[in-house]
Structure formats: structure tokens, C-alpha cells
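Trainee: For this one, chain A is given, so just place chain B on it according to the hints.
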Amino acid sequence: MFEVGVKIAVSLTQISIVMGVVLLTVMFLTLAERKVIGWMQDRMGPMEVGPYGILQPIADGLKLFFKEDIIPSGANKYLFTLAPIIALVAALVGFAVIPFGPNMRVDVFGVQVQPFVISDINIGILYILAFTSIGAYGIILGGWASNSKYSLLGGLRAAAQLISYELNVGLAIVGVLLLAGSLSLVKITEDQCCWIWNWFWLAVPRGGGVPIPQILAFVVFVISAVAETNRLPFDLPEAESELVAGFFTEYSGMRFAFFFLAEYANMILVSCIAAALFLGGWNAPAPFLQFHGSLEHLAWLSGIMWFAVKVYFFLFLFFWIRATLPRLRYDQLMRFGWKVMLPIALGNIVVTAIAAYFFPR
Amino acid sequence: MTFGEWVKTITFYEILVGMKSTLKHLINYKPVTLQYPHEKRTLPDNYRGMLALLRYDDDTEKCVGCDLCAAACPSRVIKVISSEVPGEPTKRFAKEYSMDMTRCLFCGLCVEACPVDALAMTREYEWAVYDKRELLLNKQQLLAIGDRSFQVREKRLELQHPNVAFFNVSFKELPQKPS
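Line by line, the protein sequences are chains A and B.
Adding 174 to a residue's 1-based position in the first sequence gives its number in my numbering.
Adding 6 to a residue's 1-based position in the second sequence gives its number in my numbering.
Here chain A stands alone, though its shape is the one from the complex:
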């Protein structure tokens, strides 16, 4: 009984810390995105609220709190309310299996706990895929329940897009799963230990041997992840020049904020997955780049730091791509997903499977 109590207490602490960090990161991202894209396009970004506009996220949050909550006439009230909740919960729930730091066990009142992962379940990546698919329901239902043609079109586009690109995400990570021999993100990350070429994008086995690089799968995963989070250049569900705001055209106030949070939480989530699967998660590029020797007991700190660096690299990539590329046309999106990404991902699985059979790690 005592053990269960301690475990629950530790889990709740971890959950609150992760939620806090994720929501703070979302706040930071909203500002960083506008600033980075502004700078890339020779603009300044927000400059009015606070010095250099750094208080803009707070102003935006307050604004969203106090905005009128409008439900359009003819909307399905139940689904209209449910959709943003589904989207946000599905986006946040994925963080439960992300390993943020080294896989170590700490003794809390005689109970062994893993401090840097909320729940190390052995089907971690499958769990994330399942819940991001549920997140698509939030978008589709939100588009349908709004009783607006723009929302409906946005929702339909989201449905088609998420199905096609979720497939590519799922197939792209199969190669990594074959190499790691596990679905647990903790185990996958541990398998990439030590040097930068041991990470699964190059996938040189630790003791030396035949590398089975997953760089194609990595590229497919990153592109599909951009599409799955509805970010430019794949933001057709919310294409503002065509569909006003797509599936959340009719949403305002906190409901809109939920969709907004869900989008950014999804961005962070896929960045975490990409970092954990292909770029070694909390592993440093080289053993000497983390705390060692007399600072050995602080190695976990450098692990978290490296994880954050990788995640922020991907988040920056999201902004960078958004600042550079225009939106795809719908047929281009579908052709790219089914005729380019899917064959590459399938071919990668075949090659990886054969190679992994002949050169077992």
C-alpha cells in the first residue's frame, strides 16, 4: 500500500513537472516562432508588449481567457465542446512515455522509480502513435461540429492528410524498431549509446560492424511529422488564405486556445520522438561531451540538456521550414505522401529487415 502511494506521488510530481515544462515551452514557442520567422523575413516580430515583445505570450494568453466564447448556431454543442479537449489531451498524453533523461533508478523511501520518464511501458512508441491518431479525431470532429463550410473542408482535409502521413510516420519508425528490437522509447534510446554514429540515423552497431543507416527513414519521419502537426508547408487543414482558419474557424476563446496548445504540444511531441528515435535522445554525441569523471553523478543533467538541444533543433527546423516554403497544393500533398514518402518508407523497411537479418546487432 505504501509502495503504491509513493509511486502515485512520484508519478503526479513527474506529470506536473512535465506539464509545466511543456506548457511553458508552448508559451515560449509562440513567441519564438513569431520572432524567428519575423527575423528570417526581415521583420521584427512582436515588439510592443514588454521589452522586444517578450511578454507577448502572456498578453495573448490573457486575451484568450477573456474572449467571448461563441458557439455558432446549428453547431453540435456536445462535439463542438469535446473536439478541442480530445485534441489537447491526445497531444499531452503522449509525453507520458518520452524519456527526458538517462534511464536510471532512484530510491524514494525504499521504492525504485525512474525519475526521467513518467511511465516506461514496453509499447511506448505504439502508445504515442495511437494517441496522436485520436488527436486527429479532435480536428475532424471540430471541423464537422462547427456547422461551417470552411471548418468542414478543413476537417476533411485534415482527415485525408493525417491518414496519409500517419502511415508514413508509422512505416518510417519500423526500421528503427527492427534495429532496436523494442517498442519502448527508453530501450530504443539506450541502444543508441555513446557516439554520434551510434545514433539510429547512421546506426553503426556499438561494438563495430555493418551500419544500417536510417537516414532515409529519418527524413521521411521529419517531413511526415511536419505534415502530421499541420504545420507549413502542409497546413492545408487550416490554410488561412483559402479556408479562413480551417477546422477552428468558428472557435474562439479558450476552445481556440486548446487547439492552439494542442498544435504546439504536438510539435514538441514529434520533436521529442524524432530526437529519441533517430538522434539518440539523451545520449551525448560523444562520451566526453557529457559530465564525466568527478561530475559523473551529474551525467543526468547533461543528458537532459542534450535531449533539450535536439528537441529545440527540431522545433527550430519547424519554424525554419515555415519561413521558407509556401503551402503545397492539395494534389501535390497527396502525391508526395503516397507516391514518394510511402515507397521510400516501405523500401527502407525491406532493406533494413534484410540487413538486420544478415548482420544481427
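Honestly, the hints are just simulated from the structure, not real lab data.
Each residue gets a CB set at the ideal place from its N, CA and C atoms; glycine is no exception.
Any given hint could be a false lead.
What the hints assert, rightly or not - SDA-like cross-link-like pairs, simulated, lysine to any residue; straight-line CA separation at most 20 Å: (1) Lys26/B to Gly212/A; (2) Lys46/B to Arg217/A; (3) Lys237/A to Lys251/A; (4) Lys209/A to Tyr42/B; (5) Lys36/B to Pro220/A; (6) Lys513/A to Leu502/A; (7) Lys26/B to Trp494/A; (8) Lys513/A to Ile21/B; (9) Lys26/B to Val287/A; (10) Lys209/A to Pro37/B; (11) Lys361/A to Leu351/A; (12) Lys26/B to Glu207/A; (13) Lys361/A to Gly284/A; (14) Lys209/A to Lys30/B; (15) Lys513/A to Glu11/B; (16) Lys26/B to Gln215/A; (17) Lys251/A to Leu326/A; (18) Lys36/B to Tyr19/B; (19) Lys209/A to Ser155/B; (20) Lys138/B to Leu111/B; (21) Lys209/A to Trp494/A; (22) Lys14/B to Leu502/A; (23) Lys14/B to Phe510/A; (24) Lys513/A to Lys26/B; (25) Lys209/A to Lys85/B; (26) Lys36/B to Ile211/A; (27) Lys14/B to Val393/A; (28) Lys36/B to Gly219/A; (29) Lys209/A to Lys36/B; (30) Lys513/A to Val393/A; (31) Lys209/A to Lys26/B; (32) Lys26/B to Val393/A; (33) Lys26/B to Ile211/A; (34) Lys145/B to Ser155/B.
Stated by the list, open to error - A few chain A residues that don't get close to chain B, going by computed Cβ distances all over 10 Å: (35) Glu177; (36) Val180; (37) Ser185; (38) Arg217; (39) Phe240; (40) Arg279.
Mentor: Frame of chain A, contents of chain B only:
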């Protein structure tokens, strides 16, 4: 498709070129933005801003109520009701003078038409209002705009040169001409 084009396609060469360009702009960050309410552009010398009525240096109005500005105006902005100075039948002035600035297109034809240079264009342009009735300006408002925009005023017309004053010829008490 040649081999080179094919290689460029599969390596996303063009996209990478674009991303290099955006990154270059991020590193050499030189914004073209002007933080408008805090810093303003320098206006060109012949800037045509808000219209204003002018006065002479002894605070008398320049306008003689001739209606030529209203005649010149292509959008019927100006409305003049002229009247004669009591006791001086040949001297006229604008009893009422109103401008509907919602219609004004700032062409400056009224300023060119004015024979006594009573109209002028100022360099004011921040005239956004919540109620567009506030843009219906009467004579007092137009004179106030002129007062705050043109501190240096002309001498009375008839004091400038004996032959200039072809409009206000008959004064009951002609002011003393400077020798």
C-alpha cells in the same frame, strides 16, 4: 529529366537553397520595419496632408469667401457660404466654411484655386477617428489646424503691395500703409 535534375529533386536541392537564404537573413538580421507610432517616416517636401485655413499676422482670416475652392473641388468636399462685411459692401468673407474630409482625396486643387492663398495643405496625416462625423470640419476647426501648422504668417494682403489687393479694395478705414 536529366540525371542532374533528378539528383536535385531527390536531395531537395532547391528547398535547401531557400532554407539557406532564410538562414542568411536570420543571421544578418536587418529589419526593414519602422516602429510606426514610435518612429515616423520623414515626409517628402511636397507632402499633401490635412487641409487648413490660414490667417494673416493680425489674426484676420485670409478667406474672402469667393467659392473658387468649392468650384475646383472634384469631390465636393468644400461648402462655402459667403457674406459681406457689414458696412463694407465690397469686402466679403466666408460666414460658414465646412469641409467633409471623408470625401477629400487630397489632390490640392482647392489650394491651387485659392486667389488669396487662404487654403494650405499641412503635413498632418494622423486623422483616424472613431466617428466619421468628426471629419466634418467647420471653419473654426480648419483655422485651428492652420494655426498649429503655420506659425509664420503673412502680412495682410493690402499691406504687402498697393496693387496686390484686388479683392479687398474698399476698406472703410484703410490701415496705414508702411512707408
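Trainee: Take the hints in turn and mark each one as holding or not.
Mentor: Here is what the structure says about each hint:
With a C-alpha separation of about 16 Å, the suggested pair Lys26/B and Gly212/A falls inside the 20 Å cut-off, and the hint holds. Between Lys46/B and Arg217/A, the direct Cα distance comes to roughly 17 Å. Compliance with the 20 Å bound is thereby established for this hinted pair. Taken as a hint, the Lys237/A and Lys251/A pair is broken in the structure, with Cα atoms around 23 Å apart against an allowance of 20 Å. Between the alpha carbons of Lys209/A and Tyr42/B the distance comes to roughly 18 Å, so the proposed pair stays at or under 20 Å and holds.
For the hint linking Lys36/B to Pro220/A, the alpha-carbon distance of about 15 Å falls within 20 Å, and the restraint holds. Restraint check for Lys513/A and Leu502/A: the C-alpha separation of about 15 Å stays at or below 20 Å, so the hint holds. Simply put, Lys26/B and Trp494/A have alpha-carbon atoms about 10 Å apart, close enough for the 20 Å limit, and the pair holds. At roughly 19 Å between alpha-carbon atoms, Lys513/A and Ile21/B fall within 20 Å of each other, so this suggested pair holds.
Between Lys26/B and Val287/A, the direct Cα distance comes to roughly 45 Å. Violation of the 20 Å bound is thereby established for this hinted pair. In summary, the hint linking Lys209/A to Pro37/B is supported, as the alpha carbons are separated by about 12 Å, within the 20 Å threshold. The suggested pairing of Lys361/A with Leu351/A holds, with an alpha-carbon distance near 10 Å, which does not exceed 20 Å. For the hint pairing Lys26/B with Glu207/A, the CA-to-CA distance comes to about 18 Å; that is within 20 Å, so the pair holds.
Distance hint between Lys361/A and Gly284/A is unfulfilled; the C-alpha atoms sit about 24 Å from each other, more than 20 Å. For the hint pairing Lys209/A with Lys30/B, the CA-to-CA distance comes to about 15 Å; that is within 20 Å, so the pair holds. The suggested pairing of Lys513/A with Glu11/B holds, with an alpha-carbon distance near 18 Å, which does not exceed 20 Å. At roughly 13 Å between alpha-carbon atoms, Lys26/B and Gln215/A fall within 20 Å of each other, so this suggested pair holds.
For the given pair, Lys251/A sits about 15 Å from Leu326/A by alpha-carbon distance, which is consistent with the 20 Å threshold. Restraint check for Lys36/B and Tyr19/B: not satisfied, since their Cα atoms lie roughly 26 Å apart, outside the 20 Å limit. A distance of roughly 39 Å separates the Cα atoms of Lys209/A and Ser155/B; the hinted pair therefore is violated under the 20 Å criterion. Only pairs whose Cα atoms come within 20 Å are accepted, and Lys138/B paired with Leu111/B is accepted, the gap being roughly 15 Å.
The hinted pair formed by Lys209/A and Trp494/A meets the criterion: a straight-line CA distance of about 11 Å does not exceed 20 Å. Between Lys14/B and Leu502/A the CA atoms are separated by roughly 19 Å; this keeps the pair inside 20 Å, and the hint holds. For the hint linking Lys14/B to Phe510/A, the alpha-carbon distance of about 16 Å falls within 20 Å, and the restraint holds. For the proposed pair Lys513/A and Lys26/B, the alpha carbon gap of about 27 Å is over 20 Å, so the pair is violated.
Taking the CA atoms of Lys209/A and Lys85/B, the gap is near 50 Å; set against the 20 Å cutoff, the hint is violated. Using a Cα cut-off of 20 Å, the hinted pair Lys36/B and Ile211/A holds, with the two alpha carbons roughly 13 Å apart. Of the supplied pair hints, the one linking Lys14/B and Val393/A holds, its CA atoms being roughly 16 Å apart against a limit of 20 Å. A distance of roughly 12 Å separates the Cα atoms of Lys36/B and Gly219/A; the hinted pair therefore holds under the 20 Å criterion.
For a cut-off of 20 Å, the pair hint linking Lys209/A to Lys36/B stands: about 13 Å separates their Cα positions. Restraint check: the Cα-Cα separation between Lys513/A and Val393/A comes to about 15 Å, which is no more than 20 Å; the hinted pair holds. The straight-line distance between the Cα atoms of Lys209/A and Lys26/B is roughly 18 Å, inside the 20 Å bound, and the hint therefore holds. Between Lys26/B and Val393/A the CA atoms are separated by roughly 18 Å; this keeps the pair inside 20 Å, and the hint holds.
For the hint pairing Lys26/B with Ile211/A, the CA-to-CA distance comes to about 14 Å; that is within 20 Å, so the pair holds. Of the supplied pair hints, the one linking Lys145/B and Ser155/B holds, its CA atoms being roughly 15 Å apart against a limit of 20 Å. No beta-carbon of chain B comes within 10 Å of the beta-carbon of Glu177/A; the shortest separation is about 52 Å. Residue-level check passed: Val180/A sits 48 Å from the nearest beta carbon of chain B, beyond 10 Å.
Every CB of chain B is more than 10 Å from the CB of Ser185/A (nearest about 40 Å), matching its label as outside the interface. The claim that Arg217/A lies off the interface is violated: its Cβ sits roughly 6 Å from the closest Cβ of chain B, which falls inside the 10 Å cut-off. Every CB of chain B lies more than 10 Å from the CB of Phe240/A, the least distance being 22 Å, so the non-interface label holds. Remark: the non-interface label on Arg279/A is consistent with the geometry, its nearest Cβ contact in chain B lying 42 Å away (cut-off 10 Å).
Violated hints, in rising order: 3, 9, 13, 18, 19, 24, 25 and 38; the structure is consistent with all others.
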